[in-house]
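Asks: Sequence:
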Amino acid sequence: MSEGPLGDLAPRTFLRDYWQRKPLLVRQAFAGIRAPLDAEELAGLALESDVPSRLVQQHDAARWSVRYGPFEDSDFAALPDTHWTLLVTDLEKFVPALHDLVKPFRFLPDWRIDDLMISYAAPQGSVGPHTDAYDVFLLQLEGRRRWQIDTRPVDPGNRLPGAELSILAHFEPESEWVLEPGDMLYLPPGVAHYGLALDPCMTASIGFRAPSQQDLVSAWLDDVAAALDPERRFGDAGRAVADNPGEIDLASRDAIIALMREALARDDVALERWFGRYITEPRADLIGLYLAPDNWDEAALGAQLASGRGLKRNTAARLAYFIRDDRLFLYADGQEYPLDMNFLEPVAVLCQRFDYPAALCRRLLDDAPGSAGLMVNLLERGILEAVE
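In our numbering, the protein residues as written are 1 to 388.
The hints are simulated quantities; they were obtained by calculation from the structure and are not laboratory data.
Derived CB-CB ranges, DEER-like:
no., residue 1, residue 2, range
1, V349, G308, 11 to 21 Å
2, Q214, R159, 12 to 22 Å
3, S166, L79, 18 to 28 Å
4, A10, A284, 36 to 46 Å
5, I257, L79, 58 to 68 Å
6, E380, N158, 47 to 57 Å
7, A97, D285, 16 to 26 Å
8, P161, F76, 22 to 32 Å
9, Q335, A62, 44 to 54 Å
10, R16, Y68, 33 to 43 Å
11, A10, S212, 28 to 38 Å
12, P338, L79, 45 to 55 Å
13, R16, G370, 32 to 42 Å
Taking lysine to aspartate or glutamate pairs in the DMTMM-like style, the calculated list, with each CA pair at most 20 Å apart, reads:
no., residue 1, residue 2
14, K312, D366
15, K312, D110
16, K312, E385
17, K312, E298
Each residue gets a CB set at the ideal place from its N, CA and C atoms; glycine is no exception.
Produce the complete structure using the sequences and hints provided.
Replies: Now the structure itself:
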(Lines of atoms letter the chains of each structure in order from A and count residues from 1; the text may use other names and numbers.)
(Lines give C-alpha, C1' and ligand atoms only; values in the text may rest on other atoms or scores of the structure.)
Protein backbone atom coordinates (compact mmCIF):
# COMPACT_ATOMS: atom_id res chain seq x y z
CA MET A 1 0.00 0.00 0.00
CA SER A 2 1.04 3.61 -0.45
CA GLU A 3 1.95 5.79 2.49
CA GLY A 4 -1.49 7.38 2.49
CA PRO A 5 -4.84 6.75 0.85
CA LEU A 6 -4.95 10.05 -1.04
CA GLY A 7 -2.00 9.66 -3.38
CA ASP A 8 0.00 12.89 -3.57
CA LEU A 9 -2.76 14.84 -1.86
CA ALA A 10 -2.10 15.75 1.76
CA PRO A 11 -4.94 14.97 4.19
CA ARG A 12 -5.10 18.66 5.15
CA THR A 13 -5.66 19.61 1.51
CA PHE A 14 -8.23 16.89 1.02
CA LEU A 15 -10.22 18.04 4.06
CA ARG A 16 -10.08 21.65 2.90
CA ASP A 17 -10.99 21.11 -0.75
CA TYR A 18 -12.92 17.84 -1.04
CA TRP A 19 -14.32 16.50 2.25
CA GLN A 20 -18.12 16.94 2.17
CA ARG A 21 -17.69 19.16 -0.88
CA LYS A 22 -16.90 17.22 -4.05
CA PRO A 23 -15.87 13.77 -5.29
CA LEU A 24 -12.26 12.74 -5.73
CA LEU A 25 -10.81 9.93 -7.84
CA VAL A 26 -7.42 8.66 -6.71
CA ARG A 27 -5.67 6.32 -9.10
CA GLN A 28 -3.59 3.67 -7.34
CA ALA A 29 -4.37 5.02 -3.89
CA PHE A 30 -3.45 1.55 -2.64
CA ALA A 31 -0.96 0.41 -5.28
CA GLY A 32 -0.38 -3.33 -5.31
CA ILE A 33 -3.31 -4.08 -3.03
CA ARG A 34 -4.72 -7.60 -2.96
CA ALA A 35 -8.15 -8.52 -1.70
CA PRO A 36 -7.73 -9.52 1.97
CA LEU A 37 -10.25 -12.34 1.54
CA ASP A 38 -11.72 -14.15 -1.45
CA ALA A 39 -15.31 -14.53 -2.58
CA GLU A 40 -15.77 -17.88 -0.83
CA GLU A 41 -14.51 -16.46 2.48
CA LEU A 42 -16.86 -13.47 2.15
CA ALA A 43 -19.76 -15.80 1.40
CA GLY A 44 -18.74 -17.91 4.41
CA LEU A 45 -19.05 -14.86 6.66
CA ALA A 46 -22.52 -14.22 5.23
CA LEU A 47 -23.56 -17.66 6.52
CA GLU A 48 -22.93 -16.51 10.10
CA SER A 49 -25.98 -15.41 12.05
CA ASP A 50 -24.30 -12.39 13.68
CA VAL A 51 -22.61 -10.95 10.57
CA PRO A 52 -24.78 -8.34 8.77
CA SER A 53 -25.11 -9.21 5.09
CA ARG A 54 -27.45 -8.72 2.19
CA LEU A 55 -27.80 -9.98 -1.36
CA VAL A 56 -29.01 -7.60 -4.06
CA GLN A 57 -30.19 -8.95 -7.40
CA GLN A 58 -31.35 -7.14 -10.52
CA HIS A 59 -34.04 -8.99 -12.46
CA ASP A 60 -34.68 -6.41 -15.20
CA ALA A 61 -34.43 -2.64 -15.67
CA ALA A 62 -37.15 -1.92 -13.11
CA ARG A 63 -37.10 -4.98 -10.84
CA TRP A 64 -34.64 -5.41 -8.01
CA SER A 65 -34.73 -7.58 -4.92
CA VAL A 66 -32.82 -7.65 -1.65
CA ARG A 67 -32.46 -10.53 0.81
CA TYR A 68 -30.82 -10.37 4.20
CA GLY A 69 -28.54 -12.92 5.81
CA PRO A 70 -27.71 -15.22 7.34
CA PHE A 71 -27.63 -17.21 4.12
CA GLU A 72 -27.16 -20.87 3.33
CA ASP A 73 -24.86 -22.48 0.77
CA SER A 74 -27.91 -23.30 -1.34
CA ASP A 75 -28.71 -19.57 -1.65
CA PHE A 76 -25.43 -18.95 -3.44
CA ALA A 77 -25.64 -22.14 -5.51
CA ALA A 78 -28.98 -20.95 -6.92
CA LEU A 79 -27.68 -17.57 -8.11
CA PRO A 80 -27.38 -16.78 -11.83
CA ASP A 81 -24.04 -15.98 -13.47
CA THR A 82 -24.66 -12.22 -13.58
CA HIS A 83 -26.50 -9.25 -12.03
CA TRP A 84 -26.12 -9.88 -8.30
CA THR A 85 -24.05 -8.46 -5.44
CA LEU A 86 -23.26 -9.75 -1.95
CA LEU A 87 -22.55 -7.06 0.64
CA VAL A 88 -21.14 -7.77 4.11
CA THR A 89 -20.83 -4.94 6.64
CA ASP A 90 -18.93 -4.27 9.89
CA LEU A 91 -16.14 -6.55 8.69
CA GLU A 92 -13.36 -4.80 10.61
CA LYS A 93 -15.20 -5.75 13.79
CA PHE A 94 -15.69 -9.42 12.92
CA VAL A 95 -12.29 -9.95 11.26
CA PRO A 96 -9.78 -7.79 13.17
CA ALA A 97 -7.11 -8.15 10.46
CA LEU A 98 -9.40 -6.22 8.08
CA HIS A 99 -9.06 -3.17 10.31
CA ASP A 100 -5.87 -2.52 8.33
CA LEU A 101 -8.12 -1.21 5.54
CA VAL A 102 -9.63 1.35 7.93
CA LYS A 103 -6.44 2.57 9.63
CA PRO A 104 -5.26 4.74 6.69
CA PHE A 105 -8.38 6.88 7.10
CA ARG A 106 -7.75 7.77 10.73
CA PHE A 107 -6.75 11.30 9.74
CA LEU A 108 -10.48 11.64 10.45
CA PRO A 109 -11.66 11.11 14.05
CA ASP A 110 -12.67 7.59 15.04
CA TRP A 111 -16.14 8.63 16.14
CA ARG A 112 -16.88 9.57 12.53
CA ILE A 113 -15.81 6.20 11.12
CA ASP A 114 -18.74 3.80 10.82
CA ASP A 115 -17.60 0.56 9.28
CA LEU A 116 -15.86 -1.39 6.55
CA MET A 117 -18.16 -3.06 4.05
CA ILE A 118 -16.86 -5.41 1.36
CA SER A 119 -19.00 -6.39 -1.59
CA TYR A 120 -18.55 -9.12 -4.15
CA ALA A 121 -20.34 -8.64 -7.45
CA ALA A 122 -20.85 -11.02 -10.34
CA PRO A 123 -20.47 -9.42 -13.80
CA GLN A 124 -23.11 -6.68 -14.23
CA GLY A 125 -23.75 -6.79 -10.49
CA SER A 126 -24.87 -3.53 -8.86
CA VAL A 127 -27.10 -2.06 -6.18
CA GLY A 128 -28.46 0.48 -8.65
CA PRO A 129 -28.06 4.25 -8.89
CA HIS A 130 -28.62 5.81 -5.48
CA THR A 131 -27.47 8.41 -2.99
CA ASP A 132 -26.01 7.98 0.49
CA ALA A 133 -26.40 10.23 3.53
CA TYR A 134 -22.77 9.76 4.53
CA ASP A 135 -19.23 10.12 3.19
CA VAL A 136 -17.71 7.01 1.66
CA PHE A 137 -14.39 5.88 0.19
CA LEU A 138 -14.87 3.18 -2.47
CA LEU A 139 -11.70 1.14 -2.87
CA GLN A 140 -11.42 -1.39 -5.67
CA LEU A 141 -9.89 -4.62 -4.37
CA GLU A 142 -10.33 -7.01 -7.27
CA GLY A 143 -11.70 -6.87 -10.83
CA ARG A 144 -13.07 -3.77 -12.51
CA ARG A 145 -16.05 -1.63 -11.62
CA ARG A 146 -17.47 1.27 -13.62
CA TRP A 147 -18.60 4.19 -11.51
CA GLN A 148 -20.90 6.91 -12.80
CA ILE A 149 -21.78 9.95 -10.71
CA ASP A 150 -24.06 12.97 -10.84
CA THR A 151 -23.32 15.86 -8.46
CA ARG A 152 -26.55 17.73 -9.20
CA PRO A 153 -29.22 17.85 -6.46
CA VAL A 154 -31.49 14.82 -6.41
CA ASP A 155 -35.26 15.23 -6.24
CA PRO A 156 -36.50 13.41 -3.10
CA GLY A 157 -39.30 11.92 -5.23
CA ASN A 158 -36.86 10.43 -7.72
CA ARG A 159 -37.20 6.83 -6.56
CA LEU A 160 -38.02 3.63 -8.41
CA PRO A 161 -41.64 2.86 -7.44
CA GLY A 162 -42.27 -0.38 -5.63
CA ALA A 163 -38.59 -1.18 -5.10
CA GLU A 164 -37.38 -2.43 -1.71
CA LEU A 165 -34.16 -0.50 -2.28
CA SER A 166 -33.94 3.27 -2.57
CA ILE A 167 -32.96 3.26 -6.25
CA LEU A 168 -33.14 6.35 -8.43
CA ALA A 169 -35.75 6.11 -11.18
CA HIS A 170 -33.89 8.64 -13.33
CA PHE A 171 -30.11 8.93 -13.38
CA GLU A 172 -28.02 10.88 -15.89
CA PRO A 173 -24.28 10.66 -15.14
CA GLU A 174 -22.01 13.67 -15.36
CA SER A 175 -18.78 11.68 -15.00
CA GLU A 176 -17.68 8.10 -15.49
CA TRP A 177 -14.57 6.10 -14.57
CA VAL A 178 -13.52 2.48 -14.56
CA LEU A 179 -11.70 1.56 -11.36
CA GLU A 180 -9.12 -1.20 -11.22
CA PRO A 181 -7.52 -2.78 -8.11
CA GLY A 182 -5.91 -0.06 -5.98
CA ASP A 183 -8.03 2.79 -7.41
CA MET A 184 -10.33 4.67 -5.02
CA LEU A 185 -13.27 7.04 -5.36
CA TYR A 186 -14.35 9.40 -2.56
CA LEU A 187 -17.98 10.55 -2.54
CA PRO A 188 -19.49 13.15 -0.20
CA PRO A 189 -23.07 12.77 1.04
CA GLY A 190 -25.89 13.21 -1.45
CA VAL A 191 -23.91 12.53 -4.63
CA ALA A 192 -25.82 10.16 -6.89
CA HIS A 193 -23.66 7.23 -7.97
CA TYR A 194 -23.98 3.99 -9.87
CA GLY A 195 -21.41 1.22 -9.69
CA LEU A 196 -21.50 -1.67 -12.14
CA ALA A 197 -19.19 -4.69 -12.07
CA LEU A 198 -17.48 -5.24 -15.42
CA ASP A 199 -15.87 -8.45 -14.16
CA PRO A 200 -16.33 -10.52 -11.02
CA CYS A 201 -15.14 -7.86 -8.62
CA MET A 202 -14.68 -6.96 -4.99
CA THR A 203 -15.00 -3.45 -3.56
CA ALA A 204 -14.33 -2.11 -0.06
CA SER A 205 -16.46 0.75 1.24
CA ILE A 206 -15.21 2.74 4.22
CA GLY A 207 -18.26 4.64 5.44
CA PHE A 208 -18.55 7.52 7.90
CA ARG A 209 -21.17 8.25 10.52
CA ALA A 210 -23.16 11.48 10.34
CA PRO A 211 -25.90 11.44 12.97
CA SER A 212 -28.96 13.39 11.93
CA GLN A 213 -30.40 16.14 14.08
CA GLN A 214 -33.53 14.00 14.47
CA ASP A 215 -31.52 10.98 15.64
CA LEU A 216 -29.52 13.05 18.12
CA VAL A 217 -32.50 14.80 19.67
CA SER A 218 -34.57 11.61 19.78
CA ALA A 219 -31.79 9.64 21.51
CA TRP A 220 -31.10 12.50 23.93
CA LEU A 221 -34.77 12.83 24.86
CA ASP A 222 -34.94 9.08 25.49
CA ASP A 223 -32.07 9.45 27.97
CA VAL A 224 -33.65 12.51 29.57
CA ALA A 225 -36.97 10.71 30.01
CA ALA A 226 -35.31 7.59 31.45
CA ALA A 227 -33.57 9.68 34.12
CA LEU A 228 -36.67 11.59 35.27
CA ASP A 229 -38.43 10.86 38.54
CA PRO A 230 -41.70 9.13 37.56
CA GLU A 231 -43.35 10.53 40.69
CA ARG A 232 -42.64 14.15 39.76
CA ARG A 233 -46.00 15.43 38.53
CA PHE A 234 -47.91 18.58 37.77
CA GLY A 235 -49.61 20.01 40.83
CA ASP A 236 -51.96 22.93 41.35
CA ALA A 237 -52.66 23.10 45.05
CA GLY A 238 -54.38 26.36 45.99
CA ARG A 239 -55.59 27.01 42.47
CA ALA A 240 -58.45 29.41 41.68
CA VAL A 241 -61.96 28.31 40.77
CA ALA A 242 -62.25 27.64 37.03
CA ASP A 243 -64.36 30.35 35.36
CA ASN A 244 -64.86 28.06 32.36
CA PRO A 245 -64.01 24.34 32.74
CA GLY A 246 -63.07 24.17 29.05
CA GLU A 247 -60.27 26.74 29.39
CA ILE A 248 -56.62 25.86 30.06
CA ASP A 249 -55.84 28.84 32.25
CA LEU A 250 -52.60 30.80 32.13
CA ALA A 251 -51.35 29.62 35.53
CA SER A 252 -51.72 25.97 34.48
CA ARG A 253 -49.98 26.60 31.17
CA ASP A 254 -47.09 28.34 32.93
CA ALA A 255 -46.73 25.50 35.42
CA ILE A 256 -46.69 22.83 32.71
CA ILE A 257 -44.09 24.74 30.67
CA ALA A 258 -41.92 25.23 33.75
CA LEU A 259 -42.13 21.49 34.52
CA MET A 260 -40.98 20.63 31.00
CA ARG A 261 -38.24 23.25 30.88
CA GLU A 262 -36.90 21.97 34.17
CA ALA A 263 -36.62 18.47 32.68
CA LEU A 264 -34.90 19.67 29.50
CA ALA A 265 -32.48 22.11 31.12
CA ARG A 266 -28.92 20.97 30.31
CA ASP A 267 -25.74 22.99 29.99
CA ASP A 268 -23.16 22.45 27.25
CA VAL A 269 -20.98 20.18 29.38
CA ALA A 270 -23.90 17.88 30.11
CA LEU A 271 -24.73 17.69 26.40
CA GLU A 272 -21.09 16.97 25.50
CA ARG A 273 -20.93 14.21 28.07
CA TRP A 274 -24.18 12.71 26.78
CA PHE A 275 -22.79 12.79 23.23
CA GLY A 276 -19.63 10.97 24.32
CA ARG A 277 -21.76 8.15 25.73
CA TYR A 278 -24.12 8.11 22.75
CA ILE A 279 -21.52 8.10 19.98
CA THR A 280 -19.47 5.28 21.52
CA GLU A 281 -22.43 3.05 22.37
CA PRO A 282 -22.03 -0.33 20.62
CA ARG A 283 -24.88 -1.80 18.64
CA ALA A 284 -26.69 -4.61 20.41
CA ASP A 285 -25.99 -7.04 17.55
CA LEU A 286 -22.23 -6.66 18.07
CA ILE A 287 -22.17 -7.74 21.71
CA GLY A 288 -21.21 -11.26 20.61
CA LEU A 289 -17.83 -9.92 19.47
CA TYR A 290 -16.70 -9.47 23.07
CA LEU A 291 -14.86 -12.32 24.73
CA ALA A 292 -16.17 -13.72 27.98
CA PRO A 293 -14.24 -11.72 30.58
CA ASP A 294 -11.43 -13.36 32.52
CA ASN A 295 -10.93 -12.68 36.21
CA TRP A 296 -8.74 -9.63 35.85
CA ASP A 297 -7.18 -7.69 38.68
CA GLU A 298 -4.04 -5.58 38.96
CA ALA A 299 -1.94 -8.62 39.86
CA ALA A 300 -3.12 -10.49 36.76
CA LEU A 301 -2.40 -7.42 34.63
CA GLY A 302 1.09 -7.17 36.12
CA ALA A 303 1.73 -10.86 35.39
CA GLN A 304 0.56 -10.43 31.79
CA LEU A 305 2.98 -7.53 31.24
CA ALA A 306 5.84 -9.20 33.11
CA SER A 307 5.59 -12.13 30.69
CA GLY A 308 6.38 -9.74 27.83
CA ARG A 309 2.89 -10.04 26.37
CA GLY A 310 1.00 -6.82 25.96
CA LEU A 311 -2.62 -5.89 25.31
CA LYS A 312 -4.70 -5.13 22.25
CA ARG A 313 -7.93 -3.30 21.60
CA ASN A 314 -11.04 -5.15 20.49
CA THR A 315 -11.65 -3.71 17.01
CA ALA A 316 -15.40 -3.71 17.72
CA ALA A 317 -14.93 -1.35 20.68
CA ARG A 318 -15.39 2.40 20.39
CA LEU A 319 -13.09 4.67 22.41
CA ALA A 320 -13.08 8.46 22.49
CA TYR A 321 -12.19 11.27 24.86
CA PHE A 322 -12.28 15.01 25.30
CA ILE A 323 -10.95 17.61 27.73
CA ARG A 324 -13.22 20.24 29.28
CA ASP A 325 -12.28 22.74 31.98
CA ASP A 326 -9.15 20.77 32.97
CA ARG A 327 -11.17 17.59 33.31
CA LEU A 328 -10.68 14.49 31.19
CA PHE A 329 -13.61 12.40 30.01
CA LEU A 330 -12.98 8.97 28.50
CA TYR A 331 -15.76 7.06 26.76
CA ALA A 332 -15.60 3.34 26.08
CA ASP A 333 -18.58 1.61 24.51
CA GLY A 334 -21.07 4.03 25.99
CA GLN A 335 -19.58 4.19 29.50
CA GLU A 336 -18.09 7.41 30.83
CA TYR A 337 -14.89 7.60 32.87
CA PRO A 338 -14.41 11.08 34.40
CA LEU A 339 -10.70 11.31 35.13
CA ASP A 340 -8.15 13.83 36.29
CA MET A 341 -5.51 15.13 33.91
CA ASN A 342 -2.88 12.69 35.23
CA PHE A 343 -4.59 10.10 33.02
CA LEU A 344 -4.18 12.11 29.81
CA GLU A 345 -1.22 10.19 28.38
CA PRO A 346 -2.60 6.68 28.97
CA VAL A 347 -6.03 7.75 27.69
CA ALA A 348 -4.53 9.36 24.58
CA VAL A 349 -2.48 6.22 23.89
CA LEU A 350 -5.44 3.92 24.45
CA CYS A 351 -7.54 5.93 21.99
CA GLN A 352 -4.79 6.32 19.40
CA ARG A 353 -3.51 2.76 19.17
CA PHE A 354 -4.94 -0.73 18.77
CA ASP A 355 -1.87 -2.56 20.05
CA TYR A 356 -0.18 -1.92 23.38
CA PRO A 357 3.20 -3.65 23.79
CA ALA A 358 4.11 -4.71 27.32
CA ALA A 359 6.90 -2.14 27.62
CA LEU A 360 4.53 0.67 26.64
CA CYS A 361 1.91 -0.48 29.15
CA ARG A 362 4.45 -0.68 31.97
CA ARG A 363 5.65 2.85 31.23
CA LEU A 364 2.09 4.18 31.25
CA LEU A 365 1.39 2.45 34.55
CA ASP A 366 4.54 3.95 36.07
CA ASP A 367 3.83 7.46 34.78
CA ALA A 368 0.14 7.56 35.68
CA PRO A 369 -0.64 6.03 39.07
CA GLY A 370 -4.14 4.62 39.10
CA SER A 371 -4.22 3.76 35.41
CA ALA A 372 -3.89 0.05 36.25
CA GLY A 373 -7.43 0.13 37.63
CA LEU A 374 -8.68 1.69 34.39
CA MET A 375 -6.95 -0.97 32.26
CA VAL A 376 -8.33 -3.75 34.45
CA ASN A 377 -11.86 -2.36 34.05
CA LEU A 378 -11.47 -2.23 30.27
CA LEU A 379 -10.10 -5.77 30.25
CA GLU A 380 -13.05 -6.99 32.30
CA ARG A 381 -15.43 -5.41 29.80
CA GLY A 382 -13.67 -7.00 26.82
CA ILE A 383 -12.70 -3.63 25.36
CA LEU A 384 -9.05 -4.52 25.89
CA GLU A 385 -7.81 -8.06 25.38
CA ALA A 386 -4.66 -9.91 26.40
CA VAL A 387 -2.16 -10.78 23.69
CA GLU A 388 -1.59 -14.55 23.80
